[in-house]
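Colleague: Residue-level listing of the chains:
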Amino acid sequence: MQDELWRPGAPIRNLRVRAAMLARIRGFFAERKVLEVETPVLSKCAVSDPFIDSLEVGFGFQPGIEDERLYLQTSPEYAMKRLLAAGSGDIYQMAKVFRNGESGRRHNPEFTMLEWYRLGFDDQRLMDEVAALIQTVVPELSVTCRSYADLFEQELGLDPHRAELAELQRVCREHVDAPFEDNDRDTWLNLLMSHVLEPRLRGAVFIHSYPASMAALARVRADDSGRLVAARFELFVDGVELANGYHELTDAREQARRLASDQRQRAMLGLPQRPLDQRLVQALEAGLPECAGVALGVDRLVMLALKAEGLREVVSFMHERA
Amino acid sequence: MANYSSNQFKNGMKVMIDGDPCSMVDVEFVKPGKGQAFTRVRLRNLLTGRIWERTFKSNESVESADVMDSDLEYLYNDGEMWHFMDPNSFDQVAADKNAVGEADKWLKEQDKCVVTLWNDNPISVTPPNFVELEVVETDPGLKGDTAQGGSKPATLSTGAVVRVPLFIEQGEVLRIDTRTGEYVSRAN
Chain A
1 MQDELWRPGA PIRNLRVRAA MLARIRGFFA ERKVLEVETP VLSKCAVSDP
51 FIDSLEVGFG FQPGIEDERL YLQTSPEYAM KRLLAAGSGD IYQMAKVFRN
101 GESGRRHNPE FTMLEWYRLG FDDQRLMDEV AALIQTVVPE LSVTCRSYAD
151 LFEQELGLDP HRAELAELQR VCREHVDAPF EDNDRDTWLN LLMSHVLEPR
201 LRGAVFIHSY PASMAALARV RADDSGRLVA ARFELFVDGV ELANGYHELT
251 DAREQARRLA SDQRQRAMLG LPQRPLDQRL VQALEAGLPE CAGVALGVDR
301 LVMLALKAEG LREVVSFMHE RA
Chain B
323 MANYSSNQFK NGMKVMIDGD PCSMVDVEFV KPGKGQAFTR VRLRNLLTGR
373 IWERTFKSNE SVESADVMDS DLEYLYNDGE MWHFMDPNSF DQVAADKNAV
423 GEADKWLKEQ DKCVVTLWND NPISVTPPNF VELEVVETDP GLKGDTAQGG
473 SKPATLSTGA VVRVPLFIEQ GEVLRIDTRT GEYVSRAN
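Residue numbers (the working numbering), protein chains in the order written: chain A, 1 to 322; chain B, 323 to 510.
Think of the hints as simulated: they come from the structure by calculation, not from any bench. Fair warning: there could be bad hints in the mix.
[Claimed, not checked] Cross-link-like lysine-lysine pairs, in silico, DSBU-like; alpha carbons within 30 angstroms at most:
1) B:K336 to B:K419
2) B:K379 to B:K434
3) A:K307 to B:K356
4) A:K307 to A:K96
5) A:K96 to B:K379
6) B:K430 to B:K474
7) B:K474 to B:K434
8) B:K336 to B:K474
9) B:K336 to B:K379
10) B:K379 to B:K356
11) B:K332 to A:K96
12) A:K96 to A:K44
13) A:K307 to B:K332
14) B:K419 to B:K430
15) B:K356 to A:K44
16) B:K336 to B:K430
17) A:K96 to B:K356
18) A:K33 to A:K96
Taking the hints into account, I'd like the entire structure generated from these sequences.
Modeller: Here is the structure:
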């Protein structure tokens, strides 16, 4: 079949649904008095996460001469936290974010992210609000909630917090042909999650209380059985990862430590060393209010609302047509 | 041999997996929001036909397989091997029973086939989508029965047996779709 690449990949009628959904999302936050903000797409610093690669842009005062290296944001998280620390109150934004190397049926190097922060919320309260938001867009969705440990224990008979590397690897290889070696427990947990468990999740399912090693920018707390867990949740809808939220870390020293530890891991993995956002650390030093925040993939939400198979049905021009 | 990194994988790529040449049927990028990316690949073993899924870490690499498809002319079968010729270079290759497999029953001399070569040895043969073969044996045709349904078996010159309409006579040449093994029409 001949494919004319000048044409949008998504039918125009899907783009109308998309536009209506964006309007409904803005209405949702307006009603709750959450302020819409915009932050720089181009930043002097890059995300520290070793497994997210920033796209680089050369800024110069004359064409062809680069005076400054800038990075396209992979999420507006750092800048939004600086606004929070400066007294913005509850905020949200819908922004284009960029991730190098991510391209596939459910990935595009640029996509629309909805990110919001609520003062005084913890992860549980924010999960309730995420559920309310997605039900205004996809009303028929049933929402359930499971902890990361319950999911692994019930589905695989595995304690994800305590199982040894060798056991994780063994259980993983019972389900997945993955002959490579890796001595990071998280790799095997992620593999089990993405290849074995996610496909079993039906409807909208919040998975919460991640292993502390996967805290990213969430605070770490003890759960009911005294295990250290991350105050982090993810939302999956019919097995597709849709949102990731935290009861936010507000401790500046811990934040600085995590940035540095990411940088060390980058060095170990031979990944590029990029400038760490010390302004984020300074904002936390000045005082980030107690809050919870979440990022949600808008394109995927539209995809689910339309029961589409891939992003190409809801994004006007994907990577190959851009 | 070149190596491909998992970030370069794409459909149709031929690689060596556990010593066998394989073709990538479907490549999916799997990336948790937090954590490293994986590439999940549906692979077909070109020797055995087995299809399965394997997962690679990002920047894992695999060796490419020297596999290529060539359009070759089928010459003859010497009782053990099937012989093919490149119509431009006149180079000949011989394929064994394993490589020819099911294609055997559609091979007619001088037809162009796609022969898949691995390190210059044939590992599979794909006959043309349509072949024209003579009926060597079938029940007598029913005159005038061109509109009604109904079918009967007919044995073709290559030994293949296909269902044909009742009006087909012995000695006729038929057009057959080799992908489905079904009768299409009379050849003329």
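Colleague: Looking back at the hints listed earlier, which ones does the structure fail to meet?
Modeller: 2, 8
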